[in-house]
Structure formats: C-alpha cells, structure tokens
Amino acid sequence: MRTKPTIAAITVPFDLGAGRRGASKGPKAILQAGLIRGLQQMDITIDHVADIRLPNDTATPLAAEVDQTNLKYLAEVIEVNTRLAEQVSQVVEQGRFPLVIGGDHSIAIGTLAGLSSHYQNLGVIWIDAHSDLNSADTSPSGNIHGMSLAVSLGMGHPLLTSIMGNHDKVKAENIVLIAARSLDEGEKKLIRSLGIKCYTMYDIDRKGMASIMQDAIDYISSKTDGVHVSFDVDSLDPLEAPGTGTIVKGGLHYREAHLAVEMLHEAGIVTSAEFVEVNPLLDDNNKTSQLAVGLISSLLGKQIL
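Its first residue numbered 1, the sequence shown is counted upward by one per residue in this note's numbering.
Please keep in mind that the hints were generated in silico from the structure rather than gathered at the bench.
Errors might be hidden in some of the hints.
[What the hints assert, rightly or not] Listed next, the in silico PhoX-like pairs over lysine-lysine satisfying Cα-Cα at most 25 Å (straight line):
#1 197 with 223
#2 287 with 249
#3 189 with 249
#4 188 with 171
#5 72 with 189
#6 287 with 28
#7 4 with 223
#8 249 with 188
#9 287 with 302
#10 171 with 189
#11 302 with 28
#12 197 with 207
#13 249 with 207
#14 25 with 249
#15 207 with 188
#16 188 with 72
#17 249 with 197
#18 171 with 197
#19 171 with 223
#20 287 with 25
#21 302 with 4
#22 188 with 223
#23 207 with 189
#24 72 with 25
#25 207 with 223
Using the sequences plus the hints, can you model the full thing?
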C-alpha cells in the first residue's frame with residue numbers, strides 16, 4: 001500500500017491578480033466546505049500551516065518602485081508570491097506535500113518558484129480553460145493571473161521571474177495543458193513555438209478523458225522528478241462550477257474532472273498541488289467550493305469503492 005503523504009495546506013486569500021474580486025474568499029469557503037475534516041476521515045494527516053496575505057490588504061512598499069506598465073497590482077502580486085514561494089519551499093524541505101489553496105491563478109508564480117529549487121525537472125500539469133501564457137505585451141487585460149505560467153517559464157517582468165532566484169522555474173517540455181478552450185493569439189503562437197503539450201477540449205471530446213490523461217501521465221512521468229498539479233476550477237463547465245470569475249462554456253464535466261485527478265493519484269507521480277479561482281461571490285449555494293473539496297479529495301486518494 002502506498003504511504004499517504006503528510007499534507008501542508010497553504011491558503012492564499014488573494015485576488016488582485018484577477019479581473020474580478022472575490023477569489024480571495026475562496027480558501028475560507030473551501031475550508032468551510034469540509035476539506036480538512038474530509039481528508040482526516042481518509043486517514044490523511046493535514047495541517048493548515050500558513051495563510052499568505054498582504055498585511056492589512058494595503059499597498060506594499062514596492063508599489064512606488066516598480067514600473068507597472070500595464071500590469072495591474074504588480075507590487076502586490078510580487079509580495080504575495082514571494083511570501084508564498086518561501087512557505088512552499090519550507091514545506092518541501094520538511095518532506096511534506098504542499099497543497100496551495102487560492103486565490104486567483106497568479107499565485108502559481110509563487111508556488112512554482114518555491115518548488116523549483118527542489119527539483120531538476122519539475123513537471124506541471126495545468127488544468128485550466130486558459131493557458132496563462134500571456135505577457136505584458138500580449139495580455140488584453142493586464143491581469144497577472146493570465147501570465148503566471150509564462151512567468152514561470154522566465155517570461156515577464158523581472159521582479160516576477162526572479163522570485164526565488166533568476167532561473168526558469170519550469171521547462172516548456174515539462175508542461176502539459178489540459179482542458180484549454182480560451183487561448184489568446186499570443187498564447188497560441190507561444191504554445192506552438194515552444195512545443196508545449198496542449199490537450200484542448202476538442203482533444204478531450206474526440207479521444208475521451210481517460211485516453212488524454214493516460215497520454216499526459218506517460219509523457220510527463222518519463223522526464224520529470226516531481227509533478228505539480230495546478231487546477232483552475234474554470235476548467236470545468238460553468239454548469240458544474242459557476243463560482244469562478246472567468247467562465248468559458250464547453251468545459252469539463254463533473255466526472256471528467258474527477259477522472260483526471262483520480263488517474264493522477266493512481267499514477268503516483270504528484271508531489272504538490274494547488275486549486276485556484278473559486279469565487280464564492282459568484283457561486284450557487286457553495287456548489288463550486290464543495291466541488292473543489294471533492295476534487296482535492298480525489299487527487300489525494302478518495303475512491304468510490
């Protein structure tokens with residue numbers, strides 16, 4: 001029997017990287033939906049080790065120093081992600097499994113930065129309607145949650161790319177995008193030019209989720225020494241996950257999402273995870289918060305039978 005990891009939960013109530021406020025309330029909603037109690041009932045040891053936030057939600061000392069161009073709340077994003085990176089790194093050093101609960105998807109910058117110094121070839125499975133591969137030059141909005149994966153590839157503002165050191169946090173060949181269906185033109189060009197493995201909703205419709213996930217697992221496990229799962233709830237169809245800020249029709253169904261994380265658990269390759277973009281202000285009777293709890297539980301080993 002596989003040894004169950006000790007989980008260190010890190011909540012990040014932050015939403016300044018997104019275009020709509022409310023994702024900062026996601027971590028509390030997920031915890032209130034029974035995450036810790038549910039995992040403990042699975043005999044998983046889980047501790048809520050940190051709550052990463054801005055001090056008093058005020059402007060940071062960096063605000064007057066950075067050249068923001070069109071990057072919204074750049075100073076705040078830098079500060080939160082720097083704090084998160086340090087916490088994630090500490091958790092890995094302790095031999096525990098980092099479970100980051102956001103917050104908007106800009107926090108992936110800190111998560112990947114904190115993980116990067118502990119792996120030679122960190123793999124990333126990015127389950128998201130979007131690829132988050134924009135930059136200041138290509139972003140239509142200036143919202144940094146749409147740039148987090150690009151930053152982790154070393155592309156973006158130097159104060160973002162240099163969090164936890166001036167090195168690329170992940171290699172393009174070690175990334176798998178799953179459930180993409182809303183890609184900007186600059187992102188499409190980047191995916192093609194870098195050869196990033198990308199399974200769109202067309203691929204899932206055509207081949208089925210089980211086949212896609214097996215291909216993704218085979219691809220990423222053959223070349224990496226750790227795998228991070230970054231799960232944005234907008235990867236699901238809005239009918240399944242209404243409580244998120246950037247909904248796109250035609251997403252994953254409930255069982256497709258669960259199958260994806262169940263297969264990742266069975267593969268035994270996942271070493272860290274984050275779940276982001278739950279926005280309780282937009283939710284329907286906590287449907288999306290409860291869904292997030294169920295998906296986290298499935299990723300960590302909960303089974304139907």
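Going through the hints against the structure:
no., hint, verdict
1, 197 with 223, "holds, 13 Å"
2, 287 with 249, "holds, 17 Å"
3, 189 with 249, "holds, 23 Å"
4, 188 with 171, "holds, 17 Å"
5, 72 with 189, "holds, 24 Å"
6, 287 with 28, "holds, 14 Å"
7, 4 with 223, "holds, 24 Å"
8, 249 with 188, "holds, 19 Å"
9, 287 with 302, "holds, 19 Å"
10, 171 with 189, "holds, 17 Å"
11, 302 with 28, "holds, 22 Å"
12, 197 with 207, "holds, 15 Å"
13, 249 with 207, "holds, 19 Å"
14, 25 with 249, "holds, 23 Å"
15, 207 with 188, "holds, 21 Å"
16, 188 with 72, "holds, 23 Å"
17, 249 with 197, "holds, 22 Å"
18, 171 with 197, "holds, 12 Å"
19, 171 with 223, "holds, 11 Å"
20, 287 with 25, "holds, 14 Å"
21, 302 with 4, "holds, 11 Å"
22, 188 with 223, "holds, 24 Å"
23, 207 with 189, "holds, 24 Å"
24, 72 with 25, "holds, 20 Å"
25, 207 with 223, "holds, 24 Å"
Every hint, counting from the list given before, is met by this structure.
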